[in-house]
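Trainee: Heads up: the protein sequence lines correspond to chains E and H, in order.
1 is the number of the first residue of the first sequence in UniProt numbering; add one for each residue after it.
1 is the number of the first residue of the second sequence in UniProt numbering; add one for each residue after it.
Think of the hints as simulated: they come from the structure by calculation, not from any bench.
Here are the simulated DSSO-like cross-link-like pairs (lysine-lysine), alpha carbons at most 30 Å apart as the crow flies:
(1) H/Lys145 x H/Lys219
(2) E/Lys349 x H/Lys223
(3) E/Lys273 x H/Lys49
(4) E/Lys119 x E/Lys200
(5) E/Lys247 x H/Lys49
(6) H/Lys162 x H/Lys145
(7) E/Lys273 x E/Lys349
(8) E/Lys289 x E/Lys349
(9) H/Lys219 x H/Lys162
(10) E/Lys247 x E/Lys273
(11) H/Lys162 x H/Lys110
(12) E/Lys244 x H/Lys49
(13) H/Lys219 x H/Lys110
(14) E/Lys349 x H/Lys219
(15) E/Lys273 x E/Lys289
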Amino acid sequence: MPEPSPTSAPASTDSPTLTKAQKKAEGRARQEQQRAAKAAQKQQQQQQSGQGPAGSSSTKPKGSATPRKSGLESNTAASSSKDTEGAGGADGSSDGPKSRGLRIFSHFGLPKTPGHQIKGDIHPVIVRLGLQFSEFKICGANARCIATLTAFKTVIQDYVTPPHNTLSRHLMTHLSPQITHLVNARPMSVTMGNAIRQLKLEISGSDIDLPEQDAKDALCHKIDNYIRDRIIIADEVIEDLAVKKIKDGDVVLTYARSSLVEKILLRAHSLNKRFSVIVIDSRPLLEGKTLLHSLTSTIPPIPCTYALLPALPSLITESDIVLLGAHSLHANGSVYSRAGTAMVAMLAKEHTVPVMLCCETYKFSETVMLDGFGKNELAPTKFSPDAPKSNSNLEILNPLYDSTPASCITAVVTEVGLIPPTSISSIPLALGRMSL
Amino acid sequence: MADFQIYESYQSLLKNENLSTPLAAILALTEMMMHSNAGTMFELLNELKGGAEALSRQTSNPIGLNAGCELFIEFITSFPQDAASFSELKTELIRHGQQYAEQALTYRAKIAELAFDFIKDDSVILTHSYSRVVLQTLLLAHKRKRISVFVTEARPRGLGIKTAEMLTAAGIPCTVVLDSAVAYAIDKVDFVLVGSEAVVESGGLVNAVGSNQIAIIAKAANKPFYALAESYKFHRMFPLSQYDLPSHNPGVLSFPQALGARALPASSGLPSKSSSVSSDNGSPIRITQEDIARNNPDVDYTRPDLISLVFSDVGSLTPEGVSQYLVGMFAG
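So here's chain E without its partners, still in its complex pose:
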């Protein structure tokens, strides 16, 4: 809360100094007087207008804020250094010198410590996966989704339905804590959410009369099918479609690393297309290095240029097409992707370079995303080794994602064809109303 009790805040900051105690006392007395006068005035007003308690609670902080400010102003003459100290104390959000909090960003998914608590009956596979997630050993929407589903297969196989229960009713209560554990390790990706929703549907729809082992096998088979149809085959179709848009002599620009973009570029190379790639990258993850490595280790290597985001304006003019990956695609056509993607897309639009976003339909989310502040995630501190000392006034903020508006995307390449970003919501497959 921004307003601590007005009497205590100046008092606590003033107490260490004794030389100016008199001055302070004077100032405080003046404050008390003003406050008393104001309060009296307000009471009168309230009595006149007959305001409810809601009105009084909203006006009170206003009244108390003014005298505190004047009190600080009176302090400026005394000492400027102490003044800032006082302001810091007045903010009052800090609990000790360790963290000053993230203020408006406090709702962002905070990086978790690797050894977070294990509550309840968590399968070892899930514990391991949770660690891999929080350590960023498994990173990327597709990889995380596949890893989660594969782990769930093991969990399902090791699951035994307790007596007087049916699998279709009970399995989900067994899976829920596992999912919670994964979410505690790192906020859930949209892909995982979609896959888990589909899994829940399959579990609740599984036949009660089926022997337990058969039911478990059927579920594992469904999971395999989901991975195959929605991710692996979808990727192959997207590769085919996207490769057609890469022409001989093109310069392809891409940002960070998307597994799908990497596959497309490698496919184009294997089809003997002559093109070069500009890999734009950015701190803190520097994922582009991995992409660069895999592109240059082909035979013959793909000609590549590696640059960081600040160099983009001078390189965008050289490129013929921009290929981007996505974390998720939203109902209003905005794209949630690695932080920096929005900048690349906007600059490409400004230079009339077509932007092709490569994204499977299972990454579609029915929510509307207006900006990158509503929902985001912070990079763990291990990716910023030059972090400031704990008592410094500098706070490091590394959001992992940003939101690109639909107007900056020329086309979205999905397994059902090239579509404009705003049309994703008219594809039944993306909405999960149709299974392949």
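Since the structure of chain E is provided, determine the placement of chain H on it from the hints.
Mentor: Just chain H now, with coordinates in the frame of chain E:
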């Protein structure tokens, strides 16, 4: 089957003034079915696909034609196969094909009615080149409202003059403006009305070259840009840029070889292919209209954000609406 030449049939169908390229393609494919002796649906579809490919190979600008072929083959594929025998099914399909083409001819009147509501009395309209559906709309508007029309010349084919002649004959005040004078004329114009070769999946428009620059100028001047398109011109294609159109080839906008050869000192010993036009002997280089036309595109692509509305027989659609209609039809 072998004796049937789909391209000739297509060309003879195009002689009919009322048939646009997608419809002619549909009718040509229907005719092909009549001559076909395919025994199964699979064979028939293969033949049709081959025919469609042959057609698009032989034409320089296959966009409109492809839209028609795509629609027809999609229709055949999804046709319920509950006929007693295959030959019956085939005659049924042929009947449907002809029926569709017949019905499609009434679409223009429908579009004209839709677009008519957007034409105010005393409007000044800018149109581009020659389009049957635009012409029909303007003639309808002229019956009940006072309109005047600017029409661009539309080089290199100069089809705008044909439009101007027909409008003048109908008594509509009409002036031909140069393609390069659109920006000069735009402030006098209330809105722009163009036809289309194809409407693509992005919601954009493929039309006679020059449409794009008119759309850009109209956008800059804040004038509405309306496109008219029959639904059989909706095409499942997503051009990312002008050079991503199937009609684009390396010859378009290429630089002449003669000048490049002259710059190289090593090639002086070899007589240039076009030595007759070389300026070495002092004769001036002549560039004919044909030379210009050869190096220039027939059609261009207009981005969806430049288009205000697309009028079609399925309704007045925004560009987003067009793309959703197309995605729903083919990707659904």
